[in-house]
Every structure is written in C-alpha cells, then in structure tokens.
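Novice: Chains as they are written, first to last, in our numbering: chain A, 13 to 179; chain B, 11 to 501.
Incorrect hints may appear among the rest.
In silico lysine to aspartate or glutamate, EDC-like type, Cα no more than 20 Å apart, as pairs [said to hold, decoys possible]:
1) B:Lys126 - B:Asp104
2) B:Lys426 - B:Glu298
3) B:Lys408 - B:Glu493
4) B:Lys408 - B:Glu336
5) A:Lys173 - B:Asp354
6) A:Lys173 - B:Glu493
To be clear, the hints were calculated from the coordinates, so they are not data collected in a lab.
Each chain, written out:
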Amino acid sequence: MEVQAKAVPVTVADMNPLDPRQIWVLRIRLGIVLLVLLGAALSIDMAIRQEAPGLSGWLPGLVLMVGLTGLILVPGRRYRAWGYAEREDELHIRHGLLTRVQTAVPFGRVQHIDVAQGPVERRFGLARLILHTAGTRGASIPLPGLVQEQAEQMRDRIRAKIQLDLA
Amino acid sequence: MSEGEAAPRRLHPASLISRSFQILPQMLAGGAGYAAVIQREGFGRILLFAAIAAGLGFVGALLSWWRFRYTIGAGEIVIESGIFHRQRRVIPFDRVQDIAIERRLLARLLGTAKVKIETGGSAADEGTLDMIGLADAVTLRDHIRRWHGGIVPTAAQATAHAADEPILFAMPLSRVLFAGLFNFSLVFLAVLFAALQYLVDFGLLRLEDWLDPKRAGAAGAYFSIPATIGLIAILLALGIVAGVGRTLAREYGFRLTRAVAGFRRRRGLFTLSEAVIPLRRMQLALIESGPIARRLGWYSLSFQTLGADQKEGGVQAAAPFARIEEIEPLLAEARFPSLPPRGDFHQLPRRALLSRALPWLLLAIVPAGAAFLVDPRAAIGAGVVLVMALAAVLRWRKHSWAVGDRAFAVTGGLLKRRTWIVPFDKAQSISVYQGPMQQRLSLATLHVDTAGASLLRTPEIADMDRAEAERLAAHLLGLFYQERARTRAER
Numbered sequence: 013m014e015v016q017a018k019a020v021p022v023t024v025a026d027m028n029p030l031d032p033r034q035i036w037v038l039r040i041r042l043g044i045v046l047l048v049l050l051g052a053a054l055s056i057d058m059a060i061r062q063e064a065p066g067l068s069g070w071l072p073g074l075v076l077m078v079g080l081t082g083l084i085l086v087p088g089r090r091y092r093a094w095g096y097a098e099r100e101d102e103l104h105i106r107h108g109l110l111t112r113v114q115t116a117v118p119f120g121r122v123q124h125i126d127v128a129q130g131p132v133e134r135r136f137g138l139a140r141l142i143l144h145t146a147g148t149r150g151a152s153i154p155l156p157g158l159v160q161e162q163a164e165q166m167r168d169r170i171r172a173k174i175q176l177d178l179a
Numbered sequence: 011m012s013e014g015e016a017a018p019r020r021l022h023p024a025s026l027i028s029r030s031f032q033i034l035p036q037m038l039a040g041g042a043g044y045a046a047v048i049q050r051e052g053f054g055r056i057l058l059f060a061a062i063a064a065g066l067g068f069v070g071a072l073l074s075w076w077r078f079r080y081t082i083g084a085g086e087i088v089i090e091s092g093i094f095h096r097q098r099r100v101i102p103f104d105r106v107q108d109i110a111i112e113r114r115l116l117a118r119l120l121g122t123a124k125v126k127i128e129t130g131g132s133a134a135d136e137g138t139l140d141m142i143g144l145a146d147a148v149t150l151r152d153h154i155r156r157w158h159g160g161i162v163p164t165a166a167q168a169t170a171h172a173a174d175e176p177i178l179f180a181m182p183l184s185r186v187l188f189a190g191l192f193n194f195s196l197v198f199l200a201v202l203f204a205a206l207q208y209l210v211d212f213g214l215l216r217l218e219d220w221l222d223p224k225r226a227g228a229a230g231a232y233f234s235i236p237a238t239i240g241l242i243a244i245l246l247a248l249g250i251v252a253g254v255g256r257t258l259a260r261e262y263g264f265r266l267t268r269a270v271a272g273f274r275r276r277r278g279l280f281t282l283s284e285a286v287i288p289l290r291r292m293q294l295a296l297i298e299s300g301p302i303a304r305r306l307g308w309y310s311l312s313f314q315t316l317g318a319d320q321k322e323g324g325v326q327a328a329a330p331f332a333r334i335e336e337i338e339p340l341l342a343e344a345r346f347p348s349l350p351p352r353g354d355f356h357q358l359p360r361r362a363l364l365s366r367a368l369p370w371l372l373l374a375i376v377p378a379g380a381a382f383l384v385d386p387r388a389a390i391g392a393g394v395v396l397v398m399a400l401a402a403v404l405r406w407r408k409h410s411w412a413v414g415d416r417a418f419a420v421t422g423g424l425l426k427r428r429t430w431i432v433p434f435d436k437a438q439s440i441s442v443y444q445g446p447m448q449q450r451l452s453l454a455t456l457h458v459d460t461a462g463a464s465l466l467r468t469p470e471i472a473d474m475d476r477a478e479a480e481r482l483a484a485h486l487l488g489l490f491y492q493e494r495a496r497t498r499a500e501r
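Extracted from the complex, chain A is given alone in its bound form:
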C-alpha cells in the first residue's frame, strides 16, 4: 500500500548536510554578536572602574572566555544539527542543537517560497530557502546554507509542484 511505502521515517543518515561554508557564516554571525557583547561589557567595566577597582577587568574577561569557547564549540555543532532531504512530494528538514526539530513540509502546502541572502551569506555565495505555509507555529520554514544556484533550482522545482489550494 502507498501509505506503508511512505510510512518509513526519514532518518539522520538519509539527510544531506549543508554546504560546509555555512560553518563560517555561523562563526562570523556569532562573532559579531560576541563583539557587541564585549563592547557592552567593556563600557560597563569603564563605568564601574571608579567605584569598584577590584572588579575591573573581570566582566570583559569572562565574556571573552565564554565567548571564545562558544565560538569554538557552537558553530560546528549547530552546522551538524542541520540536514535536509528533498523527496518527491515533500521537504524534510532537521535543525536545532538544544531542542532538536525535524519537520516535513508537503509541497502542496507551500504558499510561497523565498530565496534570501544576508550580507555574510553573500560573501560565501550561499543562500537561504524559506518555505511559507498557511500554518501557525511553523508557518515559515527556513533552510539555510545552500549554494545560491542550488537554492534557486530547488525553489523552481518546488514551485513547479505547488498547487495553490487553501482547503
């Protein structure tokens, strides 16, 4: 029966990884956040230096330590948490480090598709595919870290399969 054929879960092993350059995109993004945090820590440090000289340097040091550890550990893991499998009628995406999520989006449910590219992604020639459904919690499902041409091809393939039907 058709149902039986489909009723096989898509496992991690069945999924494609993102483009490896996505690790760098994640690293740079996290790095920017860290710089902002470090700036904030430094300005707090300047402000309290007068009142509490003993505490001087602790906060920026802590931010730097934790931040660098995070920068080494997190992007690679987050990258490996991502995966996708394009099937005949649906796209399977998994992501998430702390909370793991695996989602299946039937193409018949896609309302429209975006291919987006941030400044960092553009440097690496990567793009994000975003599937929008009429749903609520998971109404837009992003798939980052695709080579741009690949993302565009995927978009065109999916668009061909979309049947606009709200019912």
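With chain A fixed as given, assemble chain B onto it according to the hints.
Specialist: Leaving out everything else, chain B in the frame of chain A:
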C-alpha cells in the same frame, strides 16, 4: 443597487456617533492627564484641556468619516481611507470568503450594521465597513453572494431563504441561562480594582486610611471571620451572576443553521451577530468541557477556521453548550470524522512522567531546604511547587491520542478538557521536537501545524516515545497524501 454601479459611498453618518463613543473617553482622559501633568492649577483647566482634546477627537473622526469611501463595482469593492496617508484597497469578489454582519446595541437602535468582508488574508479588518445602513448591508451581502453563486435571488427571497435554512443546533433561553452558571467569571473584580486604582490615582480615595492601625477598630470589623465568609459568598454569587449575564449577552438566541456553503451562526442579546463558518475553511474541530460541566455531560464544539477573526484565535463556536449526542451530528454535517472510540486512545509512556514532574520536584528542593534551615514559612513555596508537580502528573494521565479513519485526535487538559479532531488532510507541516530532557529520556513531541491555530493551544502530542513519534509522523504524512487525494477526487 444595480449591477456595475460605481458611485463612491460614505458610511452611515451614524458611524460618527459610534466612532465618537470609541474615541471620546480616551481623548478626555488624555486631555485631562496632559493638563494634570503640565500644570496643577485646578479642575477648570483640566476640564478645558479635556474639552479641547475631545473636540480634536471629534474633528478627527469627522475627517476620517469624510475621507472613507467605498465603491461597489461589478466584480470588486474598493475601499479608500486615511486622512493624510491615503489608502486604496481593492477586494475582488472572488477573494471574498465570507461576509459577516454584526449589529451592536447602538447599531440596532440606529438601524445600521457593521459589515466585515473576510478574505483569506491574515489582517483581521481587511474590509470592515463599520456602520452602513442595514438595508445596504444586506444588499451588499446578497450582491456578493449572487456574484459567487450565479443564482440571482431577489432580496426578499434571499431573506426568506436564510430563514428557511434547516436548524442544526439551537439553544433555548433556559439552556443559555444554565450554561451561564458554568461561566463563572470574576471579570467584574478586575473592573472594580481598576476603578479603585483610578480613585486612588486621582487622590479621591486613600487606601492608607483604610489600613491605618489607629483605625483598626473600624477596619477590624471588616476582617472578622463571619464577615470574610460572607464576603467570599457575595463574591461567588456575583461571579455566577456575572457569568450568566455575559453568557446571556453573547449566546442569547443561539441558532446554527445549514447555509449553502457552511454553517450560519446567529446569536447575541445586545450585539446581534451573524457569521457563516464555511465548511471548506474548517481546519479542525475542538470539543471542550470544564470540570463540572463534564460530569454533567455538557460540552462545547468549535471549529478552527482559516483566516478567521484573529481575536477569537481563529476558533469559531458551533455549539457552546451541548450534549455529545448533539455534537456528533454537527461533526457529521461538517463532514468531519467523529471521535475515535475511547479504547483507541493511547497513553503516554511512563517515563514521560519524569520529564514532566522531575523538574518541579527538583525545584521543590530549594524551598524545602530553606524551610528546614532558614524559615519554616518557605514550606509554603515547597507546597506550591509540589502541587505543580502533581498537576503535571495529572496532565500526563489525561493526555492521550488516537489515529482514526480520516483524522487523528488528541485530548488533554487538567481542568478544562480539550479534544482536537484534526483531519489528516488539514496538516500544514508535521514536526517532531526533542528538548534536552526529552533527548535523555528518548521522548519526543509530535506537532502537526494547522492553519488558523492559536499559538498557545495546538493539538500536539507531548512526550511520546521517540521512535513512535517518528513512525507516527511518517504515518500521518502518508495519510495526509492519501486523504488529500481522496477529497480531491470527491470534489
């Protein structure tokens, strides 16, 4: 109105009155507040500022009424609005999903109505004509319906037709009143406190006086045990009365009839509202029941619809207070599968208890320790947390799921029990979530995203066995295609 008439129209002038009622209190309060902040030179000045603000508000309402125009064309309605920033919205009739006519008390006194033109879009007030003449409203609705259906009933026929529709469910006055008993509401307390707060803010009342120990003799009388019990009794009685009143105002004359493309619901004592819940847009059915009503066998049925008014969370009541025997025919009429038999429901695995109760139990250690070491009163905190743990355990017991022929069902809820019936073909996406705790215990949450759902209450199966969740997700995906192909073929 004749076909193709294109003269722009304005709203009924009476809308100025209702608009003013909406704006005036804010403007008055704003003006008074402004005056009170800027200078403290007495009441006269405050009144003056308030009057100026109210005047400005009225002029604004007048301008926006003047600039609001709608044009009914052959195949579309054009709405122009905005005082400075002009907005022109074109709603083609073939995008119109539903036209709801609502009549508040004021509108009924003035012989007008509010028309809501709903399209599939997300904005709640896409096409709202707040107050046009009732006759115009009915003509507009029939005009658009006629455009859709191709049949051309005269106005009289259309009205007669609506009255002839078979009644699916109706609530006599006695049932509305009885339902009100279960809608215990302490909303009036909030109003009371808000009013008290205002009085204190404006220096008209001093709470300190009441709590002054020097006047403890007087205040002590308020807090004696019989007086407290009496007060609680009065509050409870008022809560019941308020609940009955609210229910009566909303559900009076509740009538659900079978319209051509869906269910037509009419209800309301002061605000008379009429809405059609289109069958094609129903996404899932929700059966709810409170703890006491459930014991007595009363339930409510509502449908989650696509693009419905977001204020109600996209959930439209179809039978607010009914027996299961009355609900099942409604489900059948909506072409929804009925509830799977009780025996088909699956419970959650026992280790899900750990993921639910363990965090609370761990949390209880802190106040319990504090109770021993620091202050015995911390035991209250530990007690509260233990109650939460107990609630988590009970929730675990009540949470179950079933896969039926054409839909899957999820039930849950501690006091208010909810059962969702989600037809397979209404899924938007299917996800399996695994939080940190769930990963340790190899549990997972299965979430089926649907259109028009509220963010808080969604049919998800929390803390299933992980492998089972993955299998069920794949199974539901297969059933989605199968059911979708079947409904396509039927159409």
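Novice: Taking the hints in turn, state whether each one holds.
Specialist: Verification of the supplied hints:
As the CA atoms of Lys126 of chain B and Asp104 of chain B are separated by approximately 15 Å, the hinted pair is consistent with the 20 Å bound. Between Lys426 of chain B and Glu298 of chain B the CA atoms are separated by roughly 7 Å; this keeps the pair inside 20 Å, and the hint holds. In summary, the hint linking Lys408 of chain B to Glu493 of chain B is not supported, as the alpha carbons are separated by about 29 Å, beyond the 20 Å threshold. At roughly 24 Å between alpha-carbon atoms, Lys408 of chain B and Glu336 of chain B are farther apart than 20 Å, so this suggested pair is violated.
Annotation: proposed proximity of Lys173 of chain A to Asp354 of chain B is violated, straight-line Cα distance about 36 Å (limit 20 Å). This hinted pair checks out: Lys173 of chain A and Glu493 of chain B have alpha carbons roughly 18 Å apart, not beyond 20 Å.
Checked against the numbered hints given earlier, the structure breaks hints 3, 4 and 5 and satisfies all the rest.
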